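Engineer: Go ahead and model the full structure; you've got the sequences and the hints to work with.
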Amino acid sequence: MSAKGRIPNWADVTLVPLTSVLLAFILSAILIWAIGESPWEAVKLMVDGAFGSSYGWGYTLFYATNFMFTGLAVAVAFQARLFNIGGEGQALLGGLGVALVCLYIPWPHWSLALLAACAGAAAFGALWALIPGYLQARRGSHIVITTIMFNFIAASLLGYVLVNVLRPQGSQDPSSPRFPSEIALPKLHEMLALVGIPFSRVPPVNISLLIAIAMCFAVWFLLWRTRLGYQIRAFGESEPAAQYAGISPARITVVVMLISGALAGLMAVNSVMGEQQRLVLNAVEGAGFIGIAVALMGRNHPLGVALAAILFGFLYQGGAELALWTSIPRELIVVIQALVILFTGALDNMVRIPIARMFARRGAG
Amino acid sequence: MDVGTLVQVLDSTLRLATPLLFACLAGLISERAGVFDIGLEGKMLVAAFMAASIAFVTGNVWLGVLSAIAVSVAMSLVHGVAAITFRGNQLISGVAINFLAAGITVVIAQNWFRQGGRTPSLTGDARMGRIDLPFAEAVRDVPVLGPIYHGILSGHALLVYVAFLCVPLTWYMLTRTRFGLRLRAVGENPAAVDTAGVSVIGLRFAAVAICGVLCGLAGAYLSTGLSAGFVKDMTAGRGFIALAAMIFAKWRPWHALGAVLLFGLLEALANRFQNIDFFGLAVPVQAMQALPYILTVVILAGFVGKAIPPRAGGTAYVKEH
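So the sequence lines, in the order shown, correspond to chains A and B. Numbering-wise (this note's numbering), the first sequence opens with residue 1 and increments by one. Numbering-wise (this note's numbering), the second sequence opens with residue 1 and increments by one.
I should point out that these hints are in silico values taken from the structure, not numbers from a laboratory. Because the structure is a prediction, the values reported are computed rather than measured. The reader is advised that the hints may include incorrect statements.
Computed, partial: chain A to chain B, Cβ under 10 Å [claimed, not checked]: (1) Ile35; (2) Pro132; (3) Ile148; (4) Leu157; (5) Leu296; (6) Pro329; (7) Ile333; (8) Leu339; (9) Asp348.
In this text, a Cβ means the ideal position worked out from N, Cα and C, and glycines have one as well.
Structural biologist: Here it is as structure tokens:
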């Protein structure tokens, strides 16, 4: 981007995304006003519903956990300038990995089951991203299209497995049996009780939150402190330059997609093992796509992703409360999400150019 | 499968292929001009909602179709402004449009009709009427011709025939008109078009607008022809099947017709049978649903004839100074 150099770094990572989000919020407020509700009341309800109690916080953090995983997945791929829209399908397959591990192996303790479930989720998610990655690297198939196709194929595959393989006999519901209760993951209220902090027992937020935070650190370390991370970023900045430096584009593409798929798959540990305790058809509920908005808003940096994930967690929990108390349906959140993607992703230059001009004028005057 | 069932399946193939065909040609024209569009799904969805809403309120389906086209073109222009004017990422813009449509249709439908994100059912003139082709009744009992002409080809809504007419029209426009030649050139080598003194921006906006019109027709048919009203997420991935068909057809109009008929047939079969016995092998319904996507991946991978998109597709044009 020609305008990029003229914006100071601090403004690039704060002012630009915040302006984009502000624009998205203003348009959403106009929409709320247009359907005859008060935007101010809506904001108050959302903030109160998401942050006003430990119950609200619990749900906000539960959703944020999902979005951290899927946001990191998209962000890692974006760093190599690969657009992985397949987070949804990779997380679905991750759920299958979790279910197989939890259902077919009798674990003596939840901690072992958790490790195995993480491995299963990551492996299945990575596998589902490997094929599009390989096809892009070796056959030149556009990764955006193949990952979209793989989302649909994953949904069909999961439907088949749930109906024909995992569904208990006599059950009408296309879902797996419940996992053994001994391997239920510790919830946040149990963990906080150990240090004497009272917390609501209801929300499904669980130990996966810590794994998500650890993954933020791991991705940061990978990208900025390892040779592979350097290669990924170099490849993303300029493919020919990376190639001259002896970095194999095919290898980076495949490796990045494996990491991205594994991160998306890990989301299932939170949603399938942490919340549902069984595999259901719509275990992912669009979180794979929200990862796109989270990564764009977080500027593909793990810290940004974590903050954006909490923002979207807030929107999700706040939106649920809003739907409960007003006539505004939950889908309002999808509109906000779309506007965030539009302004931070597609209309980036529209936001960036005026800000660059502002700084240029200040610099001149 | 007996003849009666076969006729029914093929009859519904034509109906199911129609929205796919409109959307597929829409994507084809846009991408031939160098603007990637994965927002077909979203445009179809807003169009479906608008068509059903206006048709319900006015009782006139054609007013519904017109407003569907208007709102779909408006969405196209958002994509155009993001992708062409501000040179943003075309894929991200498409994703945003899909979500915008998925959310806003439900929010507004709930506000207008208060039926949980759907429009009331359409009846009478608010739905698209069926058209009986000439002599359809007369040849009804003629062997072979009767079932084909009366049973399969006749008795569809006007937009079905319009969709099939759009295939030769698109082909003619792209290959036999000056506009079409320039459109394709802008998708392959925009700098050459610019040097010839023709506006790259103008051509691309024209392509994006045509894409909007066709998506509008696709959505309108979906909610007023194929179904009798709008329900939440009613496009159900059809925009992506159309995208798959476009790649499957390698961005060529006549091949697009073949691809959408194949995908329409798969959908018709999946609707009709839970499991299909294919030479002794039981094919589950999920495999039928996934087949269009699997076929597209195979084609993209170049194992069976490589699909190569227009060369300048997905990149914004920066004029040299």
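Engineer: Please go over all the hints and tell whether each is borne out by the structure.
Structural biologist: Verification of the hints:
no., hint, in the structure
1, Ile35, "holds, 4 Å"
2, Pro132, "holds, 8 Å"
3, Ile148, "holds, 6 Å"
4, Leu157, "holds, 7 Å"
5, Leu296, "holds, 7 Å"
6, Pro329, "holds, 5 Å"
7, Ile333, "holds, 7 Å"
8, Leu339, "holds, 7 Å"
9, Asp348, "holds, 6 Å"
Against the hints set out earlier in the document, no violation occurs for any number.
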